[in-house]
Amino acid sequence: MALDIKICGLKTDGAMAAALAGGASHVGFIFFAKSPRYVEPAEASRLRQAARGKAKAVAVTVDASDAFLDEIVAAMQPDMLQLHGSETPQRVAEVKARYGLPVMKALSVSEAADLERIKPFVGVADHFLFDAKPPKGSELPGGNGVAYDWRILTGLDAGVDYMLSGGLNAANVGDALRLANPPGIDISSGVESAPGVKDPALIEQFFRAVRAARDNRAA
59 MALDIKICGL
69 KTDGAMAAAL
79 AGGASHVGFI
89 FFAKSPRYVE
99 PAEASRLRQA
109 ARGKAKAVAV
119 TVDASDAFLD
129 EIVAAMQPDM
139 LQLHGSETPQ
149 RVAEVKARYG
159 LPVMKALSVS
169 EAADLERIKP
179 FVGVADHFLF
189 DAKPPKGSEL
199 PGGNGVAYDW
209 RILTGLDAGV
219 DYMLSGGLNA
229 ANVGDALRLA
239 NPPGIDISSG
249 VESAPGVKDP
259 ALIEQFFRAV
269 RAARDNRAA
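Residue numbers (this note's numbering): 59 to 277.
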């Protein structure tokens, strides 16, 4: 089974080049002003050009208005929208209808019971991203470097297309793949030298760890 890999929160040409060289299937751009990974739509448009024909460009928003989404979509022309806020199933449906783009809905989880929250979104969202619940007091819904018990994701129905996110890095991605066997993974802070600063060497290291883990499972 092919594994989708999203490097999220890209801001520089060097990080983009490392993500694409490693074989990322998705590259993510953050449009949330409080995040250290925030980029302007025009800059995301410039950066995403390198991904055309190689990886899907994902616009990540948090409870964004129609006006802001209009600006992002017009400037960047993303392949997918990721809604990482408190968007309702109705809002997800509205966004899909407005832009005609696939939508990934992010949900924060920490225990198996949290997966019940997926039910109203099934058949509405095209994909899901399961991130850790943010630490108390954090203003960021994701990218906090927090992990959870990835084994809870094995309780999902086989047909749910999702990405595992939250606290991933080169040292533990093998465990995540072994414990949850997810169809996709998403990493942001785990390949940074400082908040919002992607390190091409860490991105390369992460991809090496993914390949090693997959080779071990195939052996």
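Derived from the structure by calculation, the hints contain no laboratory data. Since the model is a prediction, treat every value here as computed from it, not as a measurement. In this text, a Cβ means the ideal position worked out from N, Cα and C, and glycines have one as well. Check each hint, because a few of them may be wrong.
[To be verified] Have a look at the derived ranges for each label pair, beta carbon to beta carbon:
(1) Pro178 / Ala91: 26 to 32 Å
(2) Arg110 / Val180: 27 to 33 Å
(3) Ala91 / Ala132: 38 to 44 Å
(4) Leu78 / Ala229: 37 to 43 Å
(5) Arg269 / Asp124: 40 to 46 Å
(6) Ala155 / Gly232: 37 to 43 Å
(7) Asp184 / Asp124: 18 to 24 Å
[Stated by the list, open to error] Cross-link-like lysine to aspartate or glutamate pairs, in silico, EDC-like; alpha carbons within 16 Å at most:
(8) Lys69 / Asp207
(9) Lys69 / Glu98
(10) Lys112 / Asp128
(11) Lys154 / Glu169
(12) Lys191 / Glu174
(13) Lys177 / Asp215
(14) Lys92 / Asp121
(15) Lys191 / Asp219
(16) Lys191 / Asp215
(17) Lys177 / Asp121
(18) Lys154 / Asp128
(19) Lys191 / Glu169
(20) Lys114 / Asp62
(21) Lys114 / Asp184
(22) Lys154 / Glu174
(23) Lys112 / Glu174
(24) Lys154 / Glu101
(25) Lys154 / Asp137
(26) Lys69 / Asp121
(27) Lys112 / Asp137
For each hint, the structure was consulted:
For the hinted restraint 26 to 32 Å between Pro178 and Ala91, the CB-CB distance of approximately 28 Å keeps it satisfied. Between Arg110 and Val180 the beta carbons are some 31 Å apart, a value that agrees with the proposed interval 27 to 33 Å. One distance hint, 38 to 44 Å for the beta-carbon pair Ala91 and Ala132, is violated here, with the actual separation near 19 Å. Between Leu78 and Ala229 the Cβ separation comes to about 23 Å, which falls outside the hinted range of 37 to 43 Å.
Checked against the hint of 40 to 46 Å, the pair Arg269 and Asp124 passes, with Cβ atoms roughly 41 Å apart. Range check, Ala155 to Gly232: Cβ separation about 40 Å, and the 37 to 43 Å hint holds. In this structure the hint that Asp184 and Asp124 lie 18 to 24 Å apart at CB holds, the actual value being about 19 Å. For the proposed pair Lys69 and Asp207, the alpha carbon gap of about 30 Å is over 16 Å, so the pair is violated.
A C-alpha spacing of about 10 Å is found between Lys69 and Glu98, which places the hinted pair at or below 16 Å, so the restraint holds. Taking the CA atoms of Lys112 and Asp128, the gap is near 24 Å; set against the 16 Å cutoff, the hint is violated. A distance of roughly 29 Å separates the Cα atoms of Lys154 and Glu169; the hinted pair therefore is violated under the 16 Å criterion. Simply put, Lys191 and Glu174 have alpha-carbon atoms about 15 Å apart, close enough for the 16 Å limit, and the pair holds.
Of the pairs offered as hints, the one joining Lys177 and Asp215 holds, with about 11 Å between alpha carbons and a cut-off of 16 Å not exceeded. Proximity of Lys92 to Asp121 is assessed by CA-CA distance (about 13 Å); at most 16 Å being required, the pair is judged to hold. For the suggested pair Lys191 and Asp219, the alpha carbons sit about 20 Å apart, so the restraint of at most 16 Å is broken. For the given pair, Lys191 sits about 21 Å from Asp215 by alpha-carbon distance, which is inconsistent with the 16 Å threshold.
For a cut-off of 16 Å, the pair hint linking Lys177 to Asp121 is broken: about 20 Å separates their Cα positions. Note on Lys154 and Asp128: the hinted pairing holds, with a Cα-Cα distance of about 12 Å set against a maximum of 16 Å. Distance restraint check for Lys191 and Glu169: the Cα-Cα separation of roughly 10 Å lies within the 16 Å cut-off, and the hinted pair is therefore satisfied. Taking the CA atoms of Lys114 and Asp62, the gap is about 10 Å. The hint holds against a cut of 16 Å.
As the CA atoms of Lys114 and Asp184 are separated by approximately 14 Å, the hinted pair is consistent with the 16 Å bound. Distance hint between Lys154 and Glu174 is unfulfilled; the C-alpha atoms sit about 22 Å from each other, more than 16 Å. At roughly 34 Å between alpha-carbon atoms, Lys112 and Glu174 are farther apart than 16 Å, so this suggested pair is violated. A C-alpha spacing of about 24 Å is found between Lys154 and Glu101, which places the hinted pair above 16 Å, so the restraint is violated.
For the suggested pair Lys154 and Asp137, the alpha carbons sit about 12 Å apart, so the restraint of at most 16 Å is met. For a cut-off of 16 Å, the pair hint linking Lys69 to Asp121 is broken: about 21 Å separates their Cα positions. Under the criterion of a C-alpha separation no larger than 16 Å, the hint pairing Lys112 with Asp137 is consistent with the structure, at around 12 Å.
Going down the numbered hints, you'll see the structure goes against 3, 4, 8, 10, 11, 15, 16, 17, 22, 23, 24, 26, while the others check out.
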